[in-house]
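Residue numbers (this note's numbering), protein chains in the order written: chain Y, 126 to 461; chain S, 126 to 461; chain C, 7 to 344; chain A, 7 to 344.
In short, the hints are calculated from the structure, not lab data.
Hints may be right or wrong, so weigh each one.
Stated by the list, open to error - Under the rule of at most 25 Å between Cα atoms (straight-line distance), these lysine-lysine pairs were calculated in the DSS-like manner:
1. C:210 - A:249
2. A:249 - A:185
3. C:152 - A:210
4. C:337 - Y:243
5. C:249 - A:210
6. S:331 - S:357
7. C:283 - C:302
8. A:299 - A:31
9. S:414 - A:337
10. S:243 - A:337
11. C:249 - C:16
12. Y:298 - C:152
13. C:185 - A:210
14. S:414 - Y:414
15. Y:414 - C:337
16. S:331 - S:414
17. A:16 - A:249
18. Y:298 - C:337
19. C:16 - A:210
20. C:152 - Y:243
21. S:243 - A:152
22. S:298 - A:152
23. C:210 - A:185
24. A:16 - C:210
25. C:276 - C:210
26. Y:298 - Y:331
27. A:31 - A:297
28. C:210 - A:210
29. A:152 - C:210
30. S:298 - A:337
Unchecked claim - Pulled from the structure, derived: some chain Y residues nowhere near chain A, Cβ distances all over 10 Å:
31. 144
32. 147
33. 184
34. 319
35. 321
36. 323
37. 326
38. 375
39. 389
40. 417
For every residue, glycine included, the Cβ atom is placed at its ideal position computed from N, Cα and C.
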Amino acid sequence: MPVKTYREAINEALHQAMREDSTVIVLGEEVSGGAGCDGSRDAYGGVMGVTKGLLPAYGEARVIDTPITESAIIGAAAGAAQTGLRPVAELMFMDFFGVCFDQIYNQAAKFHYMFGGKAQCPMVIRCTTGAGWRAGAQHSQNLTQMVTMVPGLKVVCPTNAYDAKGLMLQAIKDNDCVIFVEDKILYDTSCEVPDEMYTLPFGEAKFYREGSDLTIVAISNPMHKVLAVADKLAAEGITCDVIDPRTTSPLDEEAILESVEMTGRLVVVDEMTPRCGIASDISSIVAEKAFRSLRAPIRKVTAAHSPVPFAPNLEDAWMPQESDIESAIRDVLEYV
Amino acid sequence: MPVKTYREAINEALHQAMREDSTVIVLGEEVSGGAGCDGSRDAYGGVMGVTKGLLPAYGEARVIDTPITESAIIGAAAGAAQTGLRPVAELMFMDFFGVCFDQIYNQAAKFHYMFGGKAQCPMVIRCTTGAGWRAGAQHSQNLTQMVTMVPGLKVVCPTNAYDAKGLMLQAIKDNDCVIFVEDKILYDTSCEVPDEMYTLPFGEAKFYREGSDLTIVAISNPMHKVLAVADKLAAEGITCDVIDPRTTSPLDEEAILESVEMTGRLVVVDEMTPRCGIASDISSIVAEKAFRSLRAPIRKVTAAHSPVPFAPNLEDAWMPQESDIESAIRDVLEYV
Amino acid sequence: MSTDTNTLLKPKSTEQVLDSEQFLKAYRSMRTIRAFEDRISEQFMKGNIPGFLHLYSGQEAVAAGLCLLLNDDDYVISTHRGHGHCIAKGADVVAMMKEIMAKQGGLCDGKGGSMHIADFDKGMLGANAIVGGGPPIIVGAALSAKTLGTDRVGVAFGGDGSSNQGTTFEAMNLAVVLKLPAIFLFENNGYGEGTHARYAVGSKDIASRAQGFGMPAYQVDGTDLFAVYETCREAVAHCRAGKGPVTIEATVPRFKGHFEGDPQAYRGEKEVETLMKEQDCLVMARARAVKEKLVKAKDLDRIDQEVAELIDEATQAALAAPAPEDSELLKNVYSSDY
Amino acid sequence: MSTDTNTLLKPKSTEQVLDSEQFLKAYRSMRTIRAFEDRISEQFMKGNIPGFLHLYSGQEAVAAGLCLLLNDDDYVISTHRGHGHCIAKGADVVAMMKEIMAKQGGLCDGKGGSMHIADFDKGMLGANAIVGGGPPIIVGAALSAKTLGTDRVGVAFGGDGSSNQGTTFEAMNLAVVLKLPAIFLFENNGYGEGTHARYAVGSKDIASRAQGFGMPAYQVDGTDLFAVYETCREAVAHCRAGKGPVTIEATVPRFKGHFEGDPQAYRGEKEVETLMKEQDCLVMARARAVKEKLVKAKDLDRIDQEVAELIDEATQAALAAPAPEDSELLKNVYSSDY
Ligand SMILES: Cc1ncc(C[n+]2csc(CCOP(=O)(O)OP(=O)(O)O)c2C)c(N)n1
Ligand SMILES: Cc1ncc(C[n+]2csc(CCOP(=O)(O)OP(=O)(O)O)c2C)c(N)n1
Ligand SMILES: [Mg+2]
Ligand SMILES: [Mg+2]
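Just chain Y, same shape as in the assembly:
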């Protein structure tokens, strides 16, 4: 099977969805780049290159560069979604929720319910997340919890290229507003990705590893740190269920609960600040629904409770690292 990067996989999904369905459009800042300029068009294809090639293939009517105007971008996507299109809007960085959040949580998320099921809002909001780029406090945040908490939104956070393609194709097909969270750190990672179109269902966790000593749930990029630790532990004979929910809303509670019922021990890892994050959420679900099976405290491994600092050493200290994950795991395993 061909090997593709996370970037290529999402790009391919967008290409295929646009080819198949003429109501799919892409809009956002720099989604092609070069609008109004003297040089070449499609100069960026998205600042991360994810939408590269869409403009030449589908034209300006369907690949729409916008001014810097996030509220209008998301609002326009929501309005278009209600009136016959399937927009894929891009927010360059998830950190920019703040300049358009009303259109996300008060508008797009609520239309279907608030209007008694008579409106549909089939749209995707792509946004990048994640620290590690030394991009500072306003371009490094993982705010997945801010959308996960909103009823009406679905939230997807793929951790590999294969999942990214299948989940993107599902997101575009889906009739609700889907927030598609791309971890910038993952764009150049690759794995086998079929050329054909395929979808992956929402709300179905993926087991990266299976084991019996511990359950580890991780969201976005930290999953890869978890895997490194899990493999190290495996060499010591400690085996873990390593679960990637893939979508935080809907959440595959069942997979997590079943695993904890077997292992009795849970560590949850994300790269959000610690208060009210996904780690808290999953922990609380397990503390409510699988309490009887729990044999140790549930440990959360998250980023620190501070804005993301610029200095590389501080940013590294801010992010959850393999050593943090490992020591949390060992604590939980050793608990009697």
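Given the coordinates of chain Y, assemble chains S, C and A with the ligands onto it according to the supplied hints.
Structure of chains S, C and A with the ligands alone, referenced to chain Y:
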């Protein structure tokens, strides 16, 4: 001691703070009302009447009616806070975070840290919250978790008039950006409130009731439903610690943990949607730090995972009610 | 129409261009709105309506005049003050009343209420309780029209107050950049709650501010149905011809409080009384149409009568209808089930 | 100055009004900016600077010309492209270099970096990595000035791209409503990342759009230090006199990519080359000042020399400085401890 309503208590705190410190200003939509009109000024004194009388007392330079422009209101407050004033900005409804959230979580919350401690942002954002008014999906939300999760913000949610006054005076004195969450349902509730100025510290929980069978933590208006249930149970000989954190950030973890260490059982109640809320957050903290003491699953009693519906019966079903709280408590108590 | 952005536009003529059939349609629409608002005000006082009401009384000529020019598949998006737009766009008054009373059979199954009333079959994309929430969304509806090659237009109603919200400006700029068939119709009733537009709109002039964004902008007396119609006719034609967005600022009186129950201490003495006497669009439209022999007074009387009956019927039906089942709570959070 | 909002303003004269001392100050500031940006570009390529850099090269006359008119206690707020504003406002270049290299002794203790560089002692309220983040905040600084009765002014720098953001418009309206001493200075360098202003600014014209908000607005050639100075002189005087806000649109070339490393495929062939040859504000300022005998060439040469030394020194100091202690991570999340 004189009895005052929650509305009067906050109003008095604002009056006293403005009288004492000429750098305190109030700004927002309709904080006095009547700007540019032919009729009387201070016509509203805030749509809830909380800022009534400030304009006549302190004048237009310090009690500033604004256009409908939340990003500019919060941004202006943040800029003023950095340059010598202590603004108290009003967001009429917490639901409006979406039209100004960048100025809250990316700007005001981060200045102090991001600029190496060299900026300070001593401001208060007052906002109303809470369902029950049949105001529909965009005017009824409790989004306290959205600000609690943000490092750099402090979040206050008083449940009675006495606390409201003391916490407001502390909030205005505080050198950080404080989100002051007023539950609309509480404005007409009253209790004894001293005439003098006093402050209550942040991060110090209040015990509404003390007991040994169960710990109940509740945020905002649901506290009053909890108290009704707790009193009913007390009549049956069941006694509970009923804890009001009063500030969700900083959170008085210690009080909660100590209580759970004693009771071994916890129910957390809020009026937020269930995912990534304060109930999840507190539950996860206890599941991590007081696991050994836990003798039953931690139950969360929250609103439903949907937008707030308009119809009264649906809204009532959406909100956590006494019966929900009672049955969660009984489940937890009965768990063996 | 000139697209010279340095001149505020007036419609080419405000001579009578409405024919009698159209006039009757508009009159019926205006009368229905007025009667509807009066009735729900009364029902609100009786405690039969939960929540908040913002009535459209006094502004009827704007919604009615514009919507004469729209088809069912054109789009409008509204504000917290949305009943008039909804009725003018053709929504079923019975289903509206049920919605506002939170009953089964309501336009939004009782989940929306007055501030979120919508009728997607009539292209009415919803009242919106966030000031400035609508304009970005109508840009999307106009984008659909352009992308799908229909000749539909999208209209965002907004108030003077909403004209100060950043989302509104962003929507205007994006509509210009993408040359979309969008109309930004600002009903300047002088007030955003209890704050006057002469205070809150820094430029004092919404149309010219909009014009600065690079689109043609009209100012029109919103109490004059004939003028509204002619202005909107030009604006709609401009949009349908693919020439991009247009702004219209219509000055109107607000007969009622910001919300039902508003004591309105901020208004001048006798202000409302005078407005109701001198600026009632229904009275003026009727007088002119009869005087110019466009229609007969008795035809209008008949409409008044029919409307009164309709409103009675709607009220009875809504009062009699059951509340939604509790089990509806978690229905329609998502389109697809998980 | 006329406040007629229907006419875009030009400064009354662009005759030489800078005296030689001021010119030397501005020249030093411009040269420092240019040399600073060149040096960090080089250091970035060497891997000594983490994160992202957006260089100000080509736009120096704007920051330098404006800041000549400001005192340390006046306020500016900047954008992601903030080094020039920071230097012109008087920040210590050594501490800047340390900040950008994420070192101890940096202006923000290494927590901010290029995109969040600030110097509160100099009234520089920070670079801001959110496009449109600054204007609302400067409204607050101007509000402080008005409320506290100082004669300070606040300047929000912004790009052409930022002029499309709703927050910017809200800030302009609020500044007009409250009549605040705020200047909105848009540096139109033609580009928002890889999108041209002629596409993204629907009105094609930032100044006249701002003017629609009801404030005087200037357009100025931002490569001409003399013109910038004169324009800003009028604008600052207007603000200090309590007459409310002003907008200035300054057209400037962007010599570098949007960010360091930007391949710039969207730019025309030889575009940058031509701009650097024909629109270099430093070259032009120097030529005119020498020709008009305002200063001597050798004085300028000496400044160039001194600046080069300063930049060397800053680079050495920054390279040598240690990274922040890891223990700093949780310091300054809050002003007070709990
Ligand atoms: C974002 C937001 N801010 C504030 C409000 C509260 N509010 C509701 S209506 C209103 C006034 C709106 O004025 P205008 O746009 O002139 O409309 P009108 O009420 O006159 O029809 C305000 C401030 C809101 N609903 N949404
Ligand atoms: C809210 C927001 N949207 C988008 C971006 C990404 N971004 C950073 S700079 C920039 C272009 C800004 O253009 P302009 O205002 O003209 O400033 P210039 O880069 O030309 O100095 C964009 C789109 C951002 N940082 N913030
Ligand atoms: Mg109004
Ligand atoms: Mg630019």
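Hint by hint, here is what the structure shows:
1. Straight-line distance between C-alpha atoms of residue 210 of chain C and residue 249 of chain A comes to about 17 Å, which keeps the hinted pair within the 25 Å bound.
2. Taken as a hint, the residue 249 of chain A and residue 185 of chain A pair is honoured in the structure, with Cα atoms around 7 Å apart against an allowance of 25 Å.
3. For the hint linking residue 152 of chain C to residue 210 of chain A, the alpha-carbon distance of about 22 Å falls within 25 Å, and the restraint holds.
4. Under the criterion of a C-alpha separation no larger than 25 Å, the hint pairing residue 337 of chain C with residue 243 of chain Y is consistent with the structure, at around 12 Å.
5. At roughly 17 Å between alpha-carbon atoms, residue 249 of chain C and residue 210 of chain A fall within 25 Å of each other, so this suggested pair holds.
6. A C-alpha spacing of about 20 Å is found between residue 331 of chain S and residue 357 of chain S, which places the hinted pair at or below 25 Å, so the restraint holds.
7. Between the alpha carbons of residue 283 of chain C and residue 302 of chain C the distance comes to roughly 23 Å, so the proposed pair stays at or under 25 Å and holds.
8. As the CA atoms of residue 299 of chain A and residue 31 of chain A are separated by approximately 16 Å, the hinted pair is consistent with the 25 Å bound.
9. Pair hint residue 414 of chain S plus residue 337 of chain A holds up; C-alpha atoms about 24 Å apart against a cutoff of 25 Å.
10. A threshold of 25 Å between alpha carbons decides the hint, and for residue 243 of chain S with residue 337 of chain A the separation of about 12 Å falls inside it, so the pair holds.
11. With a C-alpha separation of about 18 Å, the suggested pair residue 249 of chain C and residue 16 of chain C falls inside the 25 Å cut-off, and the hint holds.
12. Between residue 298 of chain Y and residue 152 of chain C the alpha-carbon distance is near 22 Å, which keeps this suggested pair within the 25 Å criterion.
13. Restraint check for residue 185 of chain C and residue 210 of chain A: the C-alpha separation of about 13 Å stays at or below 25 Å, so the hint holds.
14. Between the alpha carbons of residue 414 of chain S and residue 414 of chain Y the distance comes to roughly 18 Å, so the proposed pair stays at or under 25 Å and holds.
15. Between residue 414 of chain Y and residue 337 of chain C the CA atoms are separated by roughly 24 Å; this keeps the pair inside 25 Å, and the hint holds.
16. Proximity of residue 331 of chain S to residue 414 of chain S is assessed by CA-CA distance (about 20 Å); at most 25 Å being required, the pair is judged to hold.
17. Restraint check for residue 16 of chain A and residue 249 of chain A: the C-alpha separation of about 18 Å stays at or below 25 Å, so the hint holds.
18. Our distance criterion of 25 Å between C-alpha atoms is met by residue 298 of chain Y and residue 337 of chain C, whose separation comes to about 21 Å.
19. Between residue 16 of chain C and residue 210 of chain A, the direct Cα distance comes to roughly 24 Å. Compliance with the 25 Å bound is thereby established for this hinted pair.
20. The hinted pair formed by residue 152 of chain C and residue 243 of chain Y meets the criterion: a straight-line CA distance of about 23 Å does not exceed 25 Å.
21. Of the pairs offered as hints, the one joining residue 243 of chain S and residue 152 of chain A holds, with about 23 Å between alpha carbons and a cut-off of 25 Å not exceeded.
22. At roughly 22 Å between alpha-carbon atoms, residue 298 of chain S and residue 152 of chain A fall within 25 Å of each other, so this suggested pair holds.
23. The straight-line distance between the Cα atoms of residue 210 of chain C and residue 185 of chain A is roughly 13 Å, inside the 25 Å bound, and the hint therefore holds.
24. With a CA separation close to 24 Å, the supplied pair residue 16 of chain A and residue 210 of chain C stays within the 25 Å bound.
25. Among the hinted pairs, residue 276 of chain C with residue 210 of chain C is consistent with the structure: their alpha-carbon atoms are about 24 Å apart, no more than 25 Å.
26. A threshold of 25 Å between alpha carbons decides the hint, and for residue 298 of chain Y with residue 331 of chain Y the separation of about 21 Å falls inside it, so the pair holds.
27. Simply put, residue 31 of chain A and residue 297 of chain A have alpha-carbon atoms about 18 Å apart, close enough for the 25 Å limit, and the pair holds.
28. For the hint pairing residue 210 of chain C with residue 210 of chain A, the CA-to-CA distance comes to about 23 Å; that is within 25 Å, so the pair holds.
29. Using a Cα cut-off of 25 Å, the hinted pair residue 152 of chain A and residue 210 of chain C holds, with the two alpha carbons roughly 22 Å apart.
30. At roughly 21 Å between alpha-carbon atoms, residue 298 of chain S and residue 337 of chain A fall within 25 Å of each other, so this suggested pair holds.
31. At the 10 Å boundary, the C-beta of residue 144 of chain Y stays outside the reach of chain A, the nearest C-beta of that chain being 25 Å off.
32. Even its closest Cβ contact with chain A, about 24 Å, leaves residue 147 of chain Y beyond 10 Å, as expected for a residue assigned away from the interface.
33. Taking the minimum C-beta to C-beta distance to chain A, about 16 Å, the non-interface status of residue 184 of chain Y holds against the 10 Å cut.
34. At the 10 Å boundary, the C-beta of residue 319 of chain Y stays outside the reach of chain A, the nearest C-beta of that chain being 31 Å off.
35. No Cβ of chain A comes within 10 Å of the Cβ of residue 321 of chain Y; the nearest lies about 32 Å off, and the non-interface call holds.
36. At roughly 33 Å, the least C-beta separation between residue 323 of chain Y and chain A is larger than 10 Å, which holds for a residue marked as non-interface.
37. The claim that residue 326 of chain Y is not at the interface with chain A holds, since no C-beta of that chain comes within 10 Å of its own (minimum 36 Å).
38. With 10 Å as the threshold on Cβ separation, the claim that residue 375 of chain Y sits away from chain A holds: the shortest Cβ distance comes to roughly 31 Å.
39. The Cβ of residue 389 of chain Y lies farther than 10 Å from every Cβ of chain A, with a closest approach of about 33 Å, so its non-interface assignment holds.
40. Every CB of chain A lies more than 10 Å from the CB of residue 417 of chain Y, the least distance being 36 Å, so the non-interface label holds.
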